[in-house]
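Colleague: These protein sequence lines map, in sequence, to chains A and B.
All letters in the first sequence, in the order written, are residues 857 to 1081 by the working numbering.
All letters in the second sequence, in the order written, are residues 383 to 516 by the working numbering.
Since the hints were made in silico from the structure, they are not lab data.
Certain hints may be false.
The calculated EDC-like cross-link candidates involving lysine to aspartate or glutamate, where the alpha carbons are at most 16 Å apart (straight line), are [to be verified]:
#1 A:LYS1061 / B:ASP488
#2 B:LYS450 / B:ASP411
#3 B:LYS498 / A:GLU1059
Covered by chain A, according to a simulated footprint, are these stretches of chain B (three or more residues, beta-carbon under 8 Å) [claimed, not checked]:
#4 473-485
#5 490-502
Stretch-level coverage of chain A by chain B, calculated; a stretch enters the list once three of its residues show a Cβ under 8 Å from a Cβ in chain B [as the list claims (entries may be wrong)]:
#6 992-1001
#7 1061-1067
#8 1072-1081
Note that the structure is predicted; figures quoted are calculated from it, not measured.
The beta carbon of each residue, even a glycine, is placed where N, CA and C say it ideally should be.
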Amino acid sequence: MAPAKKPAAFCTQGVTSLGRSQTYKRRALFALKKKNGGKFPVHAKKAAPAPAASKAPRFYPADDVSAPLAVHTVRKPTKLRASITPGTVLILLAGRFKGKRCVCLGQLPSGLLLITGPFKLNGVPVRRVSQTYVIATSTKVTLPTVDVSKFTDTYFKPTESKRAKGGDAAFFEEPTTKAPLPADYVANQKALDAALLPALTAELKSYLASRFTLRDGDRPHLMKF
Amino acid sequence: MPFKRYVEIGRVVLVNYGPEYGKLYVISDVVDQSRALVDAPDATRKMMNFKRLALTDLTVAIPRLASKKVLNAKLAEDGTFAKFAATSWGKKLAKQTATANMNDFDRFKATATRVKKARAVRKVFNQLKKAAQK
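Work out the full structure, taking the sequences as your base and the hints as a guide.
Modeller: Written out as structure tokens, the structure reads:
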């Protein structure tokens, strides 16, 4: 069994504390010589691969244009606050549903949170929301195993509205008809609610149905959510 | 008006300023006009200015500079800290910390019960009022 190699000791950067002969002994180079019949082993140089034969290019650009650097960014979904987990009750702070308390279902690949009212309790449909516009309360709902795979980012992407190529007059005209909701949206919402509502107690249901407000005497920087 | 609570060895004090805010200590010794040595079961004995301390009604019969063992034994025997928690001062402090630690759901539940009670009371009151006016 070969004895363990002792690492080099440095007294300053790049300067070992042992000199040449001591280092020879520390590294036990005599063993190498012994194996090779009194000499250090000599290895043949690796043959460098012959350069591929290529014709000279017919065209050289006039100016030396530097190639753009390769992009190595890795896109990851936004890092979620530790307080936001599937089943957390969130308070929405902006938008049409500000003040409403809703249930977080998870994070989508785009980084946005998937939430639902449930719709039956407070009118918040299954929706995407950014975590910056949300207060995460410490109340957690134990979510039953719900299939949320159909609610992806593409599900929520608005359909491209056809712009009239009429000119100035058509540009200023307000669109009279609102695009109807896709047919399966209502059914999906009902199915999701039917799965979630049994998991909520009566107290939680009235809690989710109510809106969050600040009143006189409330100090939000001291309130625990 | 004579003083009723004296600074003495064994006086139980409540810290009302600084990092130890809200903790109960026992005066182990008096250093000078402004400072005391205070001790508690889960703290190292330290000097504190009297300005940081609020005297309570409770005392513990300990000798000067009592060792931790002696102090802990006496406190456990008298149940001093539990006695403080049972006083109106202690109960008030407990209520304040509980209110401060309420989360959003707790606040909702508190409001809901208060509103429910008020409605019930008002209903009976209005019924009585109506009966009295007849």
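Colleague: Confirm or reject each hint.
Modeller: Do the hints match the structure? See the list:
Annotation: proposed proximity of LYS1061 (chain A) to ASP488 (chain B) holds, straight-line Cα distance about 14 Å (limit 16 Å). For the hint linking LYS450 (chain B) to ASP411 (chain B), the alpha-carbon distance of about 13 Å falls within 16 Å, and the restraint holds. Distance restraint check for LYS498 (chain B) and GLU1059 (chain A): the Cα-Cα separation of roughly 13 Å lies within the 16 Å cut-off, and the hinted pair is therefore satisfied. Here's how the stretch 473-485 of chain B fares: 4 of its residues keep a CB closer than 8 Å to some CB of chain A, so the rule of at least three is met and the hint holds.
Judged by the Cβ-Cβ criterion of 8 Å, the stretch 490-502 of chain B is covered by chain A as claimed, because 3 of its residues qualify and three suffice. Requiring three or more residues with a Cβ within less than 8 Å of a Cβ of chain B, the coverage given for the stretch 992-1001 of chain A holds, as 3 such residues are present. Check result for the stretch 1061-1067 of chain A against chain B: holds, 3 residues qualifying (beta carbon to beta carbon below 8 Å, three or more required). Given a C-beta distance limit of less than 8 Å, the hint that chain B covers the stretch 1072-1081 of chain A holds, as 4 residues qualify and 3 suffice.
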